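Protein chains in written order, with the working numbering: chain A, 288 to 574; chain B, 131 to 288; chain C, 598 to 1357; chain D, 2 to 82.
In case anyone wonders, no lab produced these hints; they're calculated from the structure.
Please read these numbers as outputs of a predicted model, since none were measured by experiment.
Here a beta-carbon is modelled for each residue, glycine too, at the ideal position from N, C-alpha and C.
A few of these clues could be false.
When the alpha-carbon atoms are kept at most 27 Å apart in a straight line, the in silico DSS-like pairs for lysine-lysine are as follows [said to hold, decoys possible]:
#1 LYS548/A with LYS1353/C
#2 LYS573/A with LYS611/C
#3 LYS47/D with LYS906/C
#4 LYS68/D with LYS745/C
#5 LYS68/D with LYS763/C
#6 LYS544/A with LYS1353/C
#7 LYS676/C with LYS611/C
#8 LYS1341/C with LYS560/A
#9 LYS221/B with LYS611/C
#10 LYS29/D with LYS766/C
#11 LYS215/B with LYS797/C
#12 LYS251/B with LYS1223/C
#13 LYS548/A with LYS906/C
#14 LYS797/C with LYS745/C
#15 LYS763/C with LYS47/D
#16 LYS721/C with LYS525/A
#17 LYS754/C with LYS4/D
#18 LYS548/A with LYS797/C
#19 LYS1341/C with LYS1353/C
#20 LYS725/C with LYS307/A
#21 LYS560/A with LYS1223/C
#22 LYS353/A with LYS370/A
#23 LYS548/A with LYS1341/C
#24 LYS609/C with LYS725/C
#25 LYS548/A with LYS1354/C
#26 LYS1348/C with LYS560/A
#27 LYS754/C with LYS560/A
#28 LYS525/A with LYS1354/C
#29 LYS4/D with LYS682/C
#30 LYS1353/C with LYS560/A
#31 LYS544/A with LYS906/C
Now the stretches of chain A that chain B is said to cover, found in silico as 3 or more residues with beta-carbon under 8 Å [to be verified]:
#32 363-370
#33 418-428
#34 442-453
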Amino acid sequence: MRYERPTTLQAASQLLAKEKGSAYVLAGGTDLLVRLRTGLIEPDLIVDIKRIASTRTVAKTATGFKIGAAVTGAELGENAALKKAWPGVVEAANLIGSKQVQGRATMTGNLCNASPAADSVPALVAAGAKVVIAGPKGKRTILVEQVPVSPGKTSLKKGEIIEAILLPKRPPRSGDAYLRFIPRTEMDIAVVGVGVSLTLDAKGLVKDARVSLGAVAPTVLLVPEAAKAIIGTKLDAKAMDALAAAASAACRPIDDKRGTKDYRIKVAGVLAKRAAKIALDRAGGKV
Amino acid sequence: MSSVHVSTTINGDPTDYVCDADETLLDVLRNRLGLTGAKEGCSTGDCGACSVTIDGRLTCSCLVLGAEVDGAKIGTIEGMANGEKLHPLQKKFIEHAALQCGICTPGFLIAAKSLLDHNPKPTETEVRFALAGNLCRCTGYDKIVRAVMDTAAELRRA
Amino acid sequence: MPLDNAESSTRKYKVVGTRPNRPDGVDKVTGRARFGADAVAPGQLVGLILRSPHAHAKIKSIDASKALKLAGVKAVVTKDDLPDKTDGDAGLYDVLVNVMAREKALYQGHAVAAVAATSAAIAKAALKLINVDYEILPHVTDVDEAMKPNAPLLYPKMITDGVDPKPKKPSNIVRRYEFGHGDVEAGFRQADIVIERSFKTEATHQGYIEPHACLANVGPDGQGELWVCTQGHFMVRDTCARLLGMDFSKLRVTASEIGGGFGGKTTVFIEPVALALSRKANRPVKVVMSREEVFKATGPTSSSSIDVKIGATKDGRIVAGDATLRYQGGAFAGSPVEFGAMTAFAQYDLDNVRAIGFDVVCNRPKQAAYRAPGAPMANFAVESVIEELAHKVGMEPIDFRIKNAAREGTHSSYGPIYGPIGLLPTLQKAREHPHFKAPLGKNQGRGMACGFWFNFGGQSCVSMNIGVDGTVSVTVGSPDIGGSRASMGLMTAEELGIPYEKVRTVIADTGTLGYNDVTDGSRTTFATGMACILAARDAIKKLCARAAQIWGIPEDAVTWENGHAKPAGANAGNHPPMSLKEIAAQAPSTGGPIAGHHEYSADGAGVSFATHICDSEVDPETGFTKILRYTVLQDAGKAVHPSYVEGQFQGGAVQGIGWALNEEYIYGKDGRLQNAGFLDYRIPVCSDLPMIDTVILEIPNPGHPYGVRGVGETSIVPPLAAVANSVSAAVGVRMTETPISPPKLLAALEKQSAMKKAAE
Amino acid sequence: MAKVIIWSSLKSHTGGESNLEIEAVNVKDLLARLGETYPGLQPQLKRGVSVSVDGIIFRDGWLTPLKSDSEVVLLPRMQGG
């Protein structure tokens, strides 16, 4: 196995493109090293992107935020502006693993690991986040939900690297939230995760909403029916029940060591309500 | 297996080593540098026994490649005491009987110090969540939390 | 013979009962302490073990030729390198088969071969080159399934023992146990209320944070050294020497600092293999288990299936208790079901009681002892029914327990008559405790349970050397797993009448001290501690003799008081008392070094009872249970170092809470363990828990000079039921399976509300 | 004659009797005589037992003397964690 530490995206992309064997990108490494250690993967090349300047910064841009691929959860948690604009996204990122893991883990890594239970992904999908991909043929930008295609698989082509995650600018009266269920209070993988992002109109009615679900299908789901259930409402009890029903209806979960189908379906609805309530409060709305 | 030359600073001391590309920082510390204070309890980042700091950030050394830390500043348990003077956390852990077998203790101390460096006045809940990445099977955590709270109080008085 | 220790209840202590710093404290907080994986030997090799991927398979052949050709590989061992030298000892033969599979792989993770190589990378590559030809056999991992007549058999010739008449058909049931007295059927006829329930508990692992590790070094001269993390290095020496055909005295075993054991390090797994590799390679070999290996191939505890039936009269007197317990102990005989059956009703004073136990094998790793082995599952079942029965009778559960509690003179459910025991005091203290009266909110409930463990003594050997500067070094052979060096120092200082700071306790290797039993059964503070006291008394005799010489008076005219030799009376002459230090200073000129020694087999350990109170809150929408408050009240006999007694109470309680809520072995249909890591084997983390309050009661054990009882194990017995009872009090459902994981609890809550709706 | 109480599932080896009378000077002697009188008990005795003499548990103290009216309870060999 070779370890490379390029300083430009082009160089990184070339290394990955040229490698005949199996090549992996290393950012935080909190998933990659576990797979390496447990023999799940035997890479021929590991490309560490942390020396590429543009992957290490969070920039406030005209269109919102640009979060470098190697920015750690701990760094996100220390970015006041980002926390103010996208508290749900930052909370989701900060839920990944322990304080130790937070010191290394990145949202981009969480996304590229392509686990349906990744905590930051539902929050990013609800936020309508995009990713900037650098590759041999230059750069392209796609929606976050277009990155994972199945457990462990992404739509990235050989030689492509995610440079950064783009979060849109926040309209006034907006709020987001992410909630997950785990059997303990820390250190677990989500059994169910729900992201909600919404914007209210002047009258306090939900004008815009995106609802996403994690760990209930092969990939993270965006659930338009759940959004429809609350758009145009004040999130009264009826709307909340409709939201829960739509969220539960969208689940296509499996029974596994972390939870049962029935459990995931039921709890998806419960968490959708709770997340929506937090998002509403953050948007300045009242139930 | 290609090997990598690394120049780093460990507990303030300039340190060079050569390691395999796929070798973890934990293996380098324990097997190449003889710093066995960091322990391997799981090798998956779930137990915190291998906790160290890299450029001031708390992390599991089992989740870091030895090759990654070139130019970085590493902090391990071996560097926690100042000469013959124990760090207040080390003293309080002994006084409060916050250890039984002691295998998790170095990791807890590194994590607790990192907490107090960032938050000198943590609540019990903050302490418990800050230490959630460190597993202890002997104590039920009670005396560990008390030792950390007591140290924080003492450091504030000082 | 146990001593007569009438003094223990009245004695005033100087250092025993204080809370000094432990002698190994600095080493442990500076990272200097050397644990199993921290040792290095010149030219050491890395040993790795190849393990069966199958739950049950015939091993048709093993071909290691390719591995042996790989540069850097120095040795490969299989069963052929560990021939059967067990000479009809069935228990030892099971150990042999468990450390290296023979005809069959009996569980996923069963060792089939091992390599020693110059690097971990080469050893890993070598494992891949070993070709094992398996014939996969049908498997069974559930205890009830394993008992069915058509179940796949692990041992096609095994006929259940203890059943009359002897069964004709073989089965996976090793043995049947029955304990009890009186006439259970007659008892139930007197009952006004009878409750009968069935329970299941999943296997849990001790979960020590330090994986098994050892460094073996055997030469062609048949002499060997072994550095190992274990609860008993003398046991390791004897077991390994017998399996490898070595002389006991030629194998010197040193106990490293041990990173937790809880019973899981009371046997051998990798040690004989490491020695065999070292002998074959003629190089030191270090073997360190991965966490995955620890879960798959070391001893978890048994999973169980239990039926309990208890009857009481209207006025709250229990008239009969009956239980049937089925424990699977993995692929070998020896689940702790007999202890489950013996302890199930041990906390009650019953005229009619019966407990039947079945020891069952299935395709899981060989169970190892885990803190009060066998007791927590039985206690979960019985204490759950007791709580329910109390409510049916219309009594407060605590009053119901007090009314029926075992006391001095009670004919225990496992046979003996109890001497002075501390159950009632823990119950009375519990009732007075502020926790018991604290208000509860919505979806919150309070539960309690009482628990019991026997404790025992066993063999200990202690040497005590007094330096000419008056300081004392105590040499013990019991690995210190939770601060026992401090307790040994305290008891030695107390007996000699010198300050704790003047005593240092060290743990000897097997070459420098007589045999010591494993640190288990809560025996060390009791048995090795008593050996320290008796060694000190031996040293005192010699100190007095030296003083007598110096004074020129007969030895029997000298007594020992507060660390000083004194003339026994006026007619012994008028000599100023001489301190230990003064006598020690003159040792070289009065006959040489002064030492105390004691070796014995300690008996008369006192049983220990506890009462636990648990408050929990349940989220009725997710089934999540949060422990709000927890209090442990336990009889310690005498707390030598109260901080470490509290630590034992707290640690055991939290292991029990984990068992109750989230810890479990999860097997797939393929018989493979699905959660062999700390991510999905969920032991409690710091943020899951409140502080664990403790109340130490001291009802002296007549079998110990200071009244000490073992305290290490009882604390894990009551939590399963205490938590389940609190959940039931919070949301009204009775959970009869552990773990009470959120999906299980939510399903039970939905069933309950559906039944309510149906009723309306 | 010491009174010996065995656990119920051993009764099949003692003609259904769980309370036995054995003449013995100490525990070692008692276990030997138990084995001679009831050969069916041998396997369990070989596997290992503990005994309780007048309420005190002995795992290894085989030379413990017995009084003529001692009550000895046979128990499986104690283990612990």
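| query | Is LYS560/A close enough to LYS1223/C, meaning Cα to Cα at most 27 Å? | reply | 21 Å, holds
| query | Does the alpha-carbon distance linking LYS754/C and LYS560/A stay inside the 27 Å limit? | reply | Distance ~59 Å between LYS754/C and LYS560/A Cα, so the pair is violated.
| Taking a Cβ-to-Cβ distance below 8 Å as contact, does the region 363-370 of chain A have at least three residues touching chain B? | violated (count 0)
| Holds or violated: LYS725/C to LYS307/A, with C-alpha atoms at most 27 Å apart | Answer holds: LYS725/C to LYS307/A is near 23 Å, not above 27 Å.
| chain B covers the region 442-453 of chain A, three or more CB atoms within 8 Å, holds or violated | Since three or more residues must qualify, the claim that chain B covers the region 442-453 of chain A is violated, with 0 doing so at under 8 Å.
| Taking 27 Å as the top limit, are the C-alpha atoms of LYS548/A and LYS906/C close enough? | The given pair, whose Cα atoms are some 34 Å apart, is violated under the 27 Å limit.
| message | At least three residues with a C-beta closer than 8 Å to a C-beta of chain B: is that true for the region 418-428 of chain A? | response | Violated: only 0 residues of the region 418-428 of chain A have a Cβ under 8 Å from chain B.
| query | Going straight from one Cα to the other, do LYS676/C and LYS611/C come out at no more than 27 Å? | reply | It is violated: about 56 Å lies between the C-alpha atoms, which goes past 27 Å.
| message | So if I understand the rule, the pair passes when the alpha-carbon distance is 27 Å or less; does LYS525/A with LYS1354/C pass? | response | Roughly 22 Å separates the two Cα atoms, so the pair holds.
| query | Has the given pair, LYS609/C with LYS725/C, been kept, meaning a C-alpha gap of at most 27 Å? | reply | Distance of about 65 Å is beyond 27 Å: violated.
| query | Do the alpha carbons of LYS29/D and LYS766/C lie within 27 Å of each other, as the hint requires? | reply | Not OK: LYS29/D and LYS766/C at ~36 Å, beyond 27 Å, violated.
| request: Please work out if LYS215/B and LYS797/C have their alpha carbons no farther apart than 27 Å. | output: Given pair LYS215/B, LYS797/C is violated - Cα atoms ~52 Å apart, limit 27 Å.
Violated hints for the displayed structure, listed by number in ascending order: 2, 3, 4, 5, 6, 7, 10, 11, 13, 16, 17, 24, 27, 29, 31, 32, 33, 34.
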